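Chemist: Residue numbers (numbering that gives the first Met the number 0), protein chains in the order written: chain A, 0 to 106; chain B, 0 to 106.
Some clues are possibly wrong.
Intra- or inter-copy, both count: the list cannot distinguish identical chains.
[Unchecked claim] In the SDA-like style, the derived pairs of lysine to any residue whose C-alpha atoms are separated by at most 20 Å in a straight line are:
no. : residue 1 : residue 2
1   : LYS85     : ASP47
2   : LYS75     : TRP96
3   : LYS85     : GLY46
4   : LYS75     : TRP25
5   : LYS85     : ALA68
6   : LYS97     : LEU48
7   : LYS75     : THR105
8   : LYS75     : PHE103
9   : LYS75     : ASN39
10  : LYS97     : ASP47
11  : LYS75     : ASP47
12  : LYS30     : THR73
13  : LYS85     : LEU48
Because the hints were derived from the structure by calculation, they are not lab data. These figures come from a predicted structure and were not determined experimentally.
There are 2 protein chains.
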Amino acid sequence: MQRFGQVIGIRAEHVEEYIRLHADVWAGVLKKIAECNIRNYSIYRYGDLLFAYMEYHGDDFEGDMAAMAADETTQKWWELCMPMQKPVEDRAEGEWWKTIDEVFHTD
Amino acid sequence: MQRFGQVIGIRAEHVEEYIRLHADVWAGVLKKIAECNIRNYSIYRYGDLLFAYMEYHGDDFEGDMAAMAADETTQKWWELCMPMQKPVEDRAEGEWWKTIDEVFHTD
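This is chain A alone, in the form it adopts within the complex (with noise of 0.2 Å):
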């Protein structure tokens, strides 16, 4: 199992609509997350910055998150998601939200 970190930016204006609709995520959604071997997965915010966490429990994690970004209903969940989002500066290309460093872990 691999554990990840990350992070990403919330606009101020859109914070109240993140929350509400994070609150009530879509089935076709969560269905696909779990399709693709992600599994105790977990977004806390902090002002303008949003933190998750998250499990990765299969073997193929490019494949996996390809077909996350493949799937239609994931597709239309992150164009209303996208535009509230605004990504850090210093995230490695490609990345949309940013990969951060495990500094430590007890099971």
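Starting from the known structure of chain A, arrange chain B on it as the hints suggest.
Modeler: For chain B alone, coordinates are given in the frame of chain A:
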């Protein structure tokens, strides 16, 4: 089970030492974390911010946190860590790490 997200600042001049220290946390500190019913505890770093994710599996969070704070080894560990940390201004009264709101979760 309760999930927690937390955030705290890290002083730029102490980032390397903090990372080094947390790559090899004292056994007594880890033991106390487990005894206090904390599981699946991770800390990630984004620049001068640390983001923590943890799961609490007990039924007396305040009591367990008090037991942790009373533990001599944990106190010595905190004496090392706290000067490297810079709590965020908008934390709640009595907080060191600021508890942040969950926006989304899926199992």
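Chemist: How do LYS30 and THR73 come out at 20 Å by Cα distance, when the copy is not named: within, between, both, or neither?
Modeler: within (10 Å within a copy, 41 Å between copies)
Chemist: Classify it for me, LYS75 with ASP47: is the Cα-Cα distance of at most 20 Å met within a copy, between copies, both or neither?
Modeler: Neither: 23 Å inside a chain and 34 Å across chains, both beyond 20 Å.
Chemist: Regarding LYS85 and ASP47, is the shortest C-alpha distance of 20 Å or less found within a copy, between copies, in both, or in neither?
Modeler: both (9 Å within a copy, 19 Å between copies)
Chemist: Is it within, between, both or neither when you check LYS75 against PHE103 at 20 Å Cα-Cα?
Modeler: The answer is between: 18 Å across copies meets 20 Å, while 35 Å in one copy does not.
Chemist: Indicate which option fits the pair LYS97, ASP47 if close means a Cα-Cα distance not exceeding 20 Å: within, between, both or neither.
Modeler: Both: 15 Å inside a copy, 15 Å across copies.
Chemist: Within a copy, between copies, both or neither: which one fits LYS85 and LEU48 at a CA-CA cutoff of 20 Å?
Modeler: Both: 9 Å inside a chain and 18 Å across chains, each within 20 Å.
Chemist: 20 Å Cα cut-off: does LYS75 pair with ASN39 within a copy, between copies, both or neither?
Modeler: neither (23 Å within a copy, 32 Å between copies)
Chemist: Under a CA distance limit of 20 Å, which applies to LYS75 and TRP96: within one copy, between copies, both, or neither?
Modeler: within (18 Å within a copy, 36 Å between copies)
Chemist: Please sort LYS75 with THR105 into within, between, both or neither, judging by C-alpha distance up to 20 Å.
Modeler: between (37 Å within a copy, 19 Å between copies)
Chemist: How would you label the pair LYS97, LEU48 (within, between, both, or neither) given a Cα cut-off of 20 Å?
Modeler: Both, since 11 Å and 14 Å are each at most 20 Å.
Chemist: For LYS75 and TRP25, with the copy left unspecified, which applies at a CA distance of at most 20 Å: within, between, both, or neither?
Modeler: Answer is within: at 10 Å inside a copy they meet the 20 Å cutoff, but 47 Å across does not.
Chemist: Give the relationship of LYS85 and ALA68 under a CA distance limit of 20 Å: within one copy only, between copies only, both, or neither.
Modeler: within (19 Å within a copy, 38 Å between copies)
In this structure, the hints that do not hold are numbers 9, 11, in rising order.
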